[in-house]
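Now for the letters of each chain:
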Amino acid sequence: EAGVAQSPRYKIIEKRQSVAFWCNPISGHATLYWYQQILGQGPKLLIQFQNNGVVDDSQLPKDRFSAERLKGVDSTLKIQPAKLEDSAVYLCASSLGDRGREDTEAFFGQGTRLTVV
Amino acid sequence: KQEVTQIPAALSVPEGENLVLNCSFTDSAIYNLQWFRQDPGKGLTSLLLIQSSQREQTSGRLNASLDKSSGRSTLYIAASQPGDSATYLCAVLSNDYKLSFGAGTTVTVRA
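Here the protein sequences come in this chain order: A and B.
So in the working numbering, spot 91 of the first sequence is number 91, and the numbers just go up one at a time.
So in the working numbering, spot 75 of the second sequence is number 75, and the numbers just go up one at a time.
Bear in mind the hints are in silico, worked out from the structure with no lab data behind them.
Among the clues, some could well be false.
Derived DMTMM-like pairs: lysine to aspartate or glutamate, alpha-carbon spacing no greater than 20 Å straight-line [said to hold, decoys possible]:
hint, chain 1, residue 1, chain 2, residue 2
1, A, Lys71, A, Asp98
2, B, Lys98, A, Glu14
3, B, Lys42, A, Glu68
4, A, Lys44, B, Asp27
5, B, Lys68, B, Asp96
6, B, Lys68, A, Glu105
7, B, Lys98, A, Glu68
8, B, Lys98, A, Glu85
9, B, Lys1, A, Asp56
10, B, Lys68, A, Asp103
11, B, Lys98, A, Asp56
12, B, Lys42, A, Glu105
The shape of chain B in the complex, shown without the other chains (with noise of 0.2 Å):
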């Protein structure tokens, strides 16, 4: 069964610092993993996707790695602003097509 860990649960940092959010998982034979975005209340918002054969993808300030044999990812979303203020949330898509969520981060940008 695929375990997705999250570390920190919660974090604050002053805006214009960078920020950095681990995801761990368990089963290497993946497809591949997402990161999300959930405002208090809402949905889950799509941020970036990481096919199993990449290194990272990129998507304006935001850039996301990939080591699948040691089955890590980090999201680094650069010069944050107040705005950047949510829970962050990463998903792997296992190789049987299930789809297992870590427990999150939350984030404060403090103005």
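Just chain A, with the same shape it has in the complex (with noise of 0.2 Å):
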């Protein structure tokens, strides 16, 4: 089966300026996430959406990021405006999300390193 597409793969961009990233999931899957990784952190949940119902955005920067997830199955995450800070890699998953099973497994893509100058 395809796995997770994320695009771009590299982005470099001025401060101020907006971004935009697409992820489309594994077919079928109905949990998708989006994380931010620093370099040399660990990944930080942005948001996470169950079908196109966000389940959890608590810890996005709503006054400069934003994230829709279309018909329930492709996802954008946007920037606007960006700061020097978001220079990370920009990861998105998937999972069949059924809950109650043990065995559910998350799948990423290779995610998008976004660079702010």
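From these two lone chains plus the hints, build me the complex, please.
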């Protein structure tokens, strides 16, 4: 089966510009995650969707970050305006999202490396 | 809130030595625990998934154990090779369906 697809792979922008990342999860996966990974740290959850509803966005800086999941499939994450501290790898993951199942496995895309200069 | 800790942060061993990576978590109400590998500039590759009801899981040279009651998991890599050099991350899927990560252990295997 095809994996989680993300684009672009790399992006360099100037501070105060805007940027958008795209994620296509594995077909049939109800849960979609966006993580931010700063160099040398573990991934930090930004937002979690269950189908097209938001489950958790408590760590999303809502003054500059926004995300949506259209029709419960693809998702976009936007930053506007970007700050230097937003430089990181943005990872998208998906899982079946079948609550109660212990074998639910998360699959990750290759990530988008954002550099803000 | 689930807190996941990985110790040590970095590890350097000669080729052939066994690796032991530790992961601890604060809330034992979990569905499963996953171990991932991350190469520089790459995404995360799933290595092993241990379900809450399991004690261990094996894949080739990799063996992971889970002690849910004490909030610990250990990843063993036997007979390490230079190709095992990477960052290893553990992630816990809690009962509220949140996936929380540790900061990772960066492993260097010297030839």
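Now the hints, each set against the structure:
1. The hinted pair formed by Lys71/A and Asp98/A meets the criterion: a straight-line CA distance of about 18 Å does not exceed 20 Å.
2. Taken as a hint, the Lys98/B and Glu14/A pair is broken in the structure, with Cα atoms around 33 Å apart against an allowance of 20 Å.
3. Taken as a hint, the Lys42/B and Glu68/A pair is broken in the structure, with Cα atoms around 24 Å apart against an allowance of 20 Å.
4. Pair hint Lys44/A plus Asp27/B holds up; C-alpha atoms about 18 Å apart against a cutoff of 20 Å.
5. Using a Cα cut-off of 20 Å, the hinted pair Lys68/B and Asp96/B holds, with the two alpha carbons roughly 16 Å apart.
6. The suggested pairing of Lys68/B with Glu105/A holds, with an alpha-carbon distance near 18 Å, which does not exceed 20 Å.
7. Proximity of Lys98/B to Glu68/A is assessed by CA-CA distance (about 18 Å); at most 20 Å being required, the pair is judged to hold.
8. Taking the CA atoms of Lys98/B and Glu85/A, the gap is near 25 Å; set against the 20 Å cutoff, the hint is violated.
9. Between the alpha carbons of Lys1/B and Asp56/A the distance comes to roughly 13 Å, so the proposed pair stays at or under 20 Å and holds.
10. For the suggested pair Lys68/B and Asp103/A, the alpha carbons sit about 15 Å apart, so the restraint of at most 20 Å is met.
11. Taking the CA atoms of Lys98/B and Asp56/A, the gap is near 8 Å; set against the 20 Å cutoff, the hint holds.
12. For the hint pairing Lys42/B with Glu105/A, the CA-to-CA distance comes to about 19 Å; that is within 20 Å, so the pair holds.
Checked against the numbered hints above, the structure breaks hints 2, 3 and 8 and satisfies the rest.
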